[in-house]
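Enquirer: Next come the chains, spelled out residue by residue.
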Amino acid sequence: MGRISWCPGCGNFAILKAFEKASRRVIEEGYDVAVSSGIGCHGKISDYLNLPSFHVIHGRVPPFLTGLKLANPNLIVVGFSGDGDGLNEGVEHLVHAARRNTDIAIILHNNGVFGLTTGQVTATSPKGRKSRSTPYGNPEYPINACQLMLASGATFVARVFAGEQKKMAEVFYRAMKHRGFSFVEVLQPCVSFNNFWDLRKEVFWVEKAESVHEAMRKCEDVRACGIFYAEEKETYEDAVWRSMF
Amino acid sequence: MGRGKKEMMNVCIAGAAGDGVRGGGVILGKIFSELGYSVFVYQEYQSRIRGGYNASVVRASEREIDSHAYYYDALICLQDYVFERHVDRLRGLLICDSSFSLDHDRKVEFPISETVKKLNLPDVSRNIAAISVFCKLFGVDIEVLEKVIRESFGERGERNIEAVKAVYEDLNVSIGQMQRVGERKELVSGAKAIAEGMLNAGLKFYYAYPMTPASPILHILAADSRCIALQPENEIAAIMMVIGSAFGGERAAVGTSGGGFALMSESISLAGMAEIPVLIILAQRSGPSTGMATFTAQQDLYFALNPAHGEFPLIVASPLTIEDSYKLAGDLLNLAWEFQTPAILLTEKHMTESYTTAKLGGVVKKEVEIFREKCSEVFERYKITESGISPYASPPALVKANSNEHDEYGFATDDAEIATKMYAKRMRKEKEIAKVVENLEPFVEMKNGKDWIVTWGSNFGAVKEVAEELGFSVAAVRFMRPLFLPKISGEMFCVECNYAGLLAKLLEAEGLEVKRILRWDGRPFTPEEIRREIERWAE
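Those protein sequence lines, which keep their order, are chains A and B. Each residue of the first sequence is one higher than the one before, starting from 0 at the first, in numbering that gives the first Met the number 0. Each residue of the second sequence is one higher than the one before, starting from 0 at the first, in numbering that gives the first Met the number 0.
So here's chain A without its partners, still in its complex pose (with noise of 0.2 Å):
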């Protein structure tokens, strides 16, 4: 695979190595992965995996695998965003694929940055941070992205910690295996612009809500972790092909 070019200590090796072991978990049960990843530095996770993957274009990754699921649907697709690109330059996309309850899983590798172009602000950076882009501060309001999925339909919605990564590797597992658009949220370090592992003292794991609405309640605190919320309804590859036959 390809030479891992992270910096030392980023967040990301922690969801690399969650991710290797919740998809083997799955590949041993019979099932063929496939990934995706779009631009920024969770995009490299591609070339690091041993599974069929294509590393896209900033944002597009939910359409791509729409289009790959419905082409084959026996494939468990998986997709790897970041706050960049899937809050900032493809957020319609995220929000359409969970409305739709396509079989896709997202994992939104979050590190409230923009990485790999030096750190300025992204959709989940704090307001008043100050960066590159915004030197006296950064003027918006930040977006919750699980209140976000969960408000647009998702019917999986988690958020982990890149600091647990046991507990990774089990969301990841379990969001694979959803059937329907699953989102994991992961809180992800970037030590190089935004290093936020002192987070680790103060991550809570809450349960499972039983309503969409008290779900929105338990993910407000974005140091909440858990999976907030998860439930069966059919899925738009299931309604096309039933439309169809």
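If you're looking for bench data, these hints aren't it; they were derived computationally from the structure. Everything hinted at is true.
Straight-line distance between alpha carbons at most 27 Å, and here's what the computed DSS-like set of lysine-lysine pairs gives:
#1 A/Lys20 x B/Lys373
#2 B/Lys164 x B/Lys146
#3 B/Lys358 x B/Lys446
#4 A/Lys20 x A/Lys200
#5 B/Lys373 x A/Lys16
#6 B/Lys164 x B/Lys106
#7 B/Lys373 x A/Lys176
#8 B/Lys164 x B/Lys117
#9 A/Lys166 x A/Lys207
Note that the structure is a prediction, hence the values are computed from the model and not measured.
Use these hints to put chain B onto chain A, whose structure you have.
Expert: Positioned in the frame of chain A, the structure of chain B alone reads:
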């Protein structure tokens, strides 16, 4: 003007949006084609749902035609106020409601509204009643109308047939006798032809965001069980879904117009880099920007030729007729897969939304090998080959694709030596494409005389007629990239629907001297208008 012996009839149905003008035009076209005539239907409508000015020009002839005509032998007015717009073109009979007080020498009035009201039919049925007036006057058998209406409307047709019968009973004027002149012909739209061409070449998925004038292709394919047609959130998603399905080993295409095409730019470049076969139907309409959304144009030639950043092999072709749309749509989908690169069918509103009698057939899927087995070694997807074409693979094969420059296995690289080789490998495909396209009739030549009319796209139908009449040879360019220009000399006219003369400039780059016949008013050329322009040059 310039009518051959076998010329038949050019009829305009005019009314408001909501009057069933377009549907009426198709019905009348089907009546003529049922009688064995060659038919062309031009639809002119505004971007509105009710009111305004809509018109459908239906031309029938015993010889093969691919164009409507400028002057009308009959005008059917469904609203009184639309008459003014069309009267200058009328060289024959006006058919309208008895309540209209329109001034014209030759006219037949009939209580169209009253007939429809009496039968308790919706107002829109006036179109069928008015067509019935025309048909009765010109001696069309009532059975022909009944058959066409039943075939077009199904169950709903029966009520409309009541209107036909009422008109045939109450109207006792006869002007002509339209007899069967041959076997029944099939009336198809350009959109239908494109859809069939793609399906015959193995299309499995079609993704499109609604945009005039490409939407009819989406509607046709959505109702067809041979493929899955879906409407995503925007054009970027549409083309990314195509790329996803093609990576998955299934043939897919997208259709749009200029604005939507602009949004696809980055993904077209991705398909070029990752060598993913993608077919894009680019149906041009009048621009820039929203322009005149429902009117035709040929302004996007250079945009189609240079659609995205970076250099990569690209195939662009533009059909000359509706039958040609079928053929090129199929050929381009096959070519995209043979050469693993994007292909663009550059066409126009005047093609996708017009109708003609055509026989669609001959396109077949050219199979390509796709490796789909699970494997433990990474597939050499981008193997350096002499032709530049590498083996194709789809998951679950261990295949890796990349928007980054990559090595033979698809892993990202910025190594100078690998980049040099990989880039050149992709570009070598251009030569191979040219070899194949050379044998696909990259342009059409018709020799009638020493001087030439050059054109592209839907103008061909009108150009062909004028050229035959005036003794000009015709050169019509089909493939734009790779571009093959005919070897021509003498006096040269170039007919295009744009301001600058985009094809003319390409000819001039070859050192040719070209006289331009251009329009950019959103209307297609008719033979009469081209003739007028040529005569003006001679003055």
